Every structure is written in structure tokens, then in C-alpha cells.
Amino acid sequence: MASPTAIGGGALGAAAVGVGGAYLAGAFGGSGSSEAEKEPAIVLLSEDTTFPNTTNTNWIGTVYGKYLVAPLGSKGDGDSKTDNRKWWEQSYKRWKEASQPTNNDLSNEFKSSNQVSKAFSDNASEPDSSKALNKVCETIYKKENSEITFEDASNNKTKLKNDLFKYCSILGEVKTIDEVSGESYGPNTNYGGDSTNVKKFIAVTGNDKFWEIRNKEFYADSGDKSNSQASESSKFKSESKKTSKPNIRDICKAAYGSAKTNNTDYPDAEINKFCVL
Numbered sequence: 000m001a002s003p004t005a006i007g008g009g010a011l012g013a014a015a016v017g018v019g020g021a022y023l024a025g026a027f028g029g030s031g032s033s034e035a036e037k038e039p040a041i042v043l044l045s046e047d048t049t050f051p052n053t054t055n056t057n058w059i060g061t062v063y064g065k066y067l068v069a070p071l072g073s074k075g076d077g078d079s080k081t082d083n084r085k086w087w088e089q090s091y092k093r094w095k096e097a098s099q100p101t102n103n104d105l106s107n108e109f110k111s112s113n114q115v116s117k118a119f120s121d122n123a124s125e126p127d128s129s130k131a132l133n134k135v136c137e138t139i140y141k142k143e144n145s146e147i148t149f150e151d152a153s154n155n156k157t158k159l160k161n162d163l164f165k166y167c168s169i170l171g172e173v174k175t176i177d178e179v180s181g182e183s184y185g186p187n188t189n190y191g192g193d194s195t196n197v198k199k200f201i202a203v204t205g206n207d208k209f210w211e212i213r214n215k216e217f218y219a220d221s222g223d224k225s226n227s228q229a230s231e232s233s234k235f236k237s238e239s240k241k242t243s244k245p246n247i248r249d250i251c252k253a254a255y256g257s258a259k260t261n262n263t264d265y266p267d268a269e270i271n272k273f274c275v276l
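According to numbering that gives the first Met the number 0, numbering within the sequence shown proceeds without interruption in unit steps and concludes at 276.
Simulated from the structure, these hints should not be mistaken for lab results.
Heads up, some of the hints might be wrong.
[Claimed, not checked] Subject to a maximum C-alpha distance of 35 Å in a straight line, what follows is the list of computed DSBU-like cross-link-like pairs (lysine-lysine): (1) 199 - 272; (2) 252 - 272; (3) 199 - 241.
Quick caveat, the model's predicted, so the values are computed rather than measured.
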């Protein structure tokens, strides 16, 4: 359910860290509460120079680093020094509530207190350090991206994907068309009706934080998700030039309902660039 540099463009990272609390509000349900808005700025994984994201290009943390929260995220010096502890404490509260039922729908990695025992640890010598939520997420960051491949039918991979973005990222939960009831785009001959595409195209229902961030990426002057990457004949280019600046969510929705033969208006490669995570 979206936004600095592992995927494309560093501007978003600065913006995300700059607003801090606003992004936290999105990750924590978008309540807009004063408590959420007062949360300190956070450090994202792609800004964390201690994370080895240059040589491990297939790691989850490398692919999605600009959406994931750094395990520690220390920033500044002296009295101004901050870290991501408060963010992890908030996320842990949400995880703890979701984990209470014994028949919960969490992945094996997040299932219970046997896997996650507390919010935060910055001391590896602590007996249960590896079970702190920030450390559990760090372990997942170093897994191969295939572990959460959206097209994969493995039940735990789907659950792990959902848990990763819900408890370790600024996006909150991110769901594909296939995971949202009531969102349908016609027959298999349409982009959004294709049985493979529905498992990777991000649903326009919900996913508000994803679409908010993707829209910022889309209208940025540069970056992998910028409209500057669209071909001149495509709707992704022509729509972005309109004075009204339609949201990328609406452009993707139109693309989903379009026939796969309409590759001029909605090139397959561009839908897979702008409308997927």
C-alpha cells in the first residue's frame, strides 16, 4: 500500500526524512494525530551508510531501501543526536496488537513473541537482541528479494511481504490487486485482469501512503520512477504534462483497465515501472 535512493532518485529521501512525522502517520494508519505528527524525523535504510547495499543488489534492503526504516538510524551529534528508536517502539505496539491472537495471519518471521520480543536493541550483547523488531527487520533486509517475490504463490512469502512493509517501512501495508476484494479490471486480455499482473500491480483501493509517495516520485524532475522516464507517446507522459497533474494512482487505474494490445498508450514496461513496488 509507496516513498532515499536505492530505487531511484535521492530527492524523495530528503523529503521523507524532512517531514518525519507525516510519513510516520502514513505508516501507522494515517491517523493524523498530534502524537504521530510530533514524531521525530527518521533515517531510511538507503541513507544508512553502515548497510552494505552496494554489493548485494538482490537484497530486499537494497531493492526497497528508500522505503525501509534503518535499524538504528543514528543522526546528529550531542543533544541533537536522534535515532529510530521511537519509530520502532510505535511499530512494535502495532505488531504486538496484531500478534495477540494465536491464529493470527502473520508470517513465520513475525508470528509471536518467540520471533519478536521487544521493540528495539542497539546492543548485540543483550540476550534477546536478535528478537528486537528492528533487528528482525534488519535480518529480513539481508534476505534475497525472491523471498518476497509478489508473483510467488507461497503463502508465507506473501505474508512476509505484507509484514515487511507494515512493520519495517514508511509505507504501511502494501497490497496488490489480487489481495483486495472488489477491485477488478475485466478479462485476462486487460492489463489489470491478467492473472500474473494482479499479483504485482498495486491496488488503487487503499495503499494511500504508497500512492502518495509514488506520486511525489512520478512528478520529480528525475529518478527511476519520474515521468521523465516515460516514452513521449504514452499516457504516462501526456497525462503528466496536463495542468491538472493527475495523480499517478489514476493513471495506473486507467492502465489496468486498458487492453494489453494498447501498448502505445500504456506500454507494459511503463506500467511495470510506475504501478508496481
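Status of the hints after comparison with the structure:
Restraint check for residue 199 and residue 272: satisfied, since their Cα atoms lie roughly 11 Å apart, inside the 35 Å limit. Pair hint residue 252 plus residue 272 holds up; C-alpha atoms about 14 Å apart against a cutoff of 35 Å. Taking the CA atoms of residue 199 and residue 241, the gap is near 28 Å; set against the 35 Å cutoff, the hint holds.
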